[in-house]
Amino acid sequence: MQNIELVNLFNENLFIADLKATSKEEVLGELLDLFIKEKIIRNKQIVMEMLHQRETLGSTGIGKGVAIPHGRTTAAIDVVIAFGKTDNGIDFNAIDGKPVNLFFMIIAPPNDDENKYLPALGSLVTILKNDKNRKKLQQITTYSELISILSGEE
Amino acid sequence: MNKELEALITLQDIDLMIEESNEVEKLGFSITGCSELEKAREEIASRIKKPLLFRYERLRAKLKRAIVPVKNDICLGCFLRQPTSIGAKGREESELFTCENCGRMLYWLD
Ligand SMILES: [Zn+2]
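Protein chains in written order, with my numbering: chain A, 1 to 154; chain B, 1001 to 1110.
No lab work stands behind these hints, which were simulated from the structure alone. Check before you lean on any hint, since a few could be wrong.
To be verified - Covered stretches of chain B (in silico footprint by chain A; criterion: 3 or more residues with CB under 8 Å from a CB of chain A, positions within the stretch not fixed): (1) 1008-1017; (2) 1023-1033.
Claimed, not checked - A few chain A positions that, by computed beta-carbon distances, are all more than 12 Å from chain B: (3) 25; (4) 117; (5) 144; (6) 148.
Computed from a predicted model, the values in this text were never measured in an experiment. Every residue gets a Cβ at the ideal spot worked out from N, C-alpha and C, and that includes glycine.
Please model the entire structure based on the sequences and the hints provided.
Written out as structure tokens, the structure is:
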């Protein structure tokens, strides 16, 4: 997936530079609330249930301080990504056991004719494997900074 | 919300997850809880009455998605417009409706 296509799945209103959450459960809730507020999803409970089941399958904490909670749900219509960051690492049962401070939540619909979901997930993993990108992301305070890092401009 | 409708949606969400777990693993995610998720799936399925569960399985086998979102009164399985009269009830999430065209079960998003 081209960076520009990935960037298009983000939304300025789904961005938190300083999460209030202090636990895994709270992070999922705080990010999901953004989707509710933006009327991207209507039923929080259903999507929360899906995210919990996804964590049962294996932690979406991929290591090095990054987590990408994700999943398809019948309660969504489009692929949308929220970003959250905290200076205090949160225990997310990540695969390396380390606390997480960068969160990308991807919610996708059950049918995805344009096939955006898995390519977006893959592109994000690639971007976040890069040490420099992660370091830069940890410093950001604005949405435009996020977008320039994701689009490779910075 | 209708508990059975809720269980059906969760069941489908889990099934979609299981279906794509290999691809997700290839992207770099650690997939360790397949058997736990299967167990969770069985527990959710047990909350659904047998005839409805059979209908779900049949639709899944035939059409891939058994339950699909409805947006602006359009079934996103086959893009047929649904009668506005059922939309009002559908949004209350108290009753389960079926698309008369494609036969999929419907979930109103808006
Ligand atoms: Zn239909």
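Taking the hints in turn, this is what the structure says about them:
Coverage of the stretch 1008-1017 of chain B by chain A holds in this model, with 7 residues showing a Cβ closer than 8 Å to a Cβ of that chain against a need of three. For the stretch 1023-1033 of chain B, the proposed coverage by chain A is satisfied: 9 residues have a C-beta within less than 8 Å of a C-beta in that chain, meeting the threshold of three. With a least beta-carbon separation of about 17 Å from chain B, residue 25 of chain A lies farther than 12 Å from that chain, consistent with its non-interface assignment. Separation of residue 117 of chain A from chain B is inadequate, the least Cβ-Cβ distance of about 9 Å not exceeding the 12 Å criterion.
The beta carbon of residue 144 of chain A sits about 27 Å from the closest Cβ of chain B, which is more than 12 Å, so the claim that it is off the interface holds. Non-interface call for residue 148 of chain A relative to chain B: holds, since the shortest CB-CB distance, roughly 24 Å, exceeds 12 Å.
The structure is inconsistent with hint 4 alone, although it conforms to all the rest.
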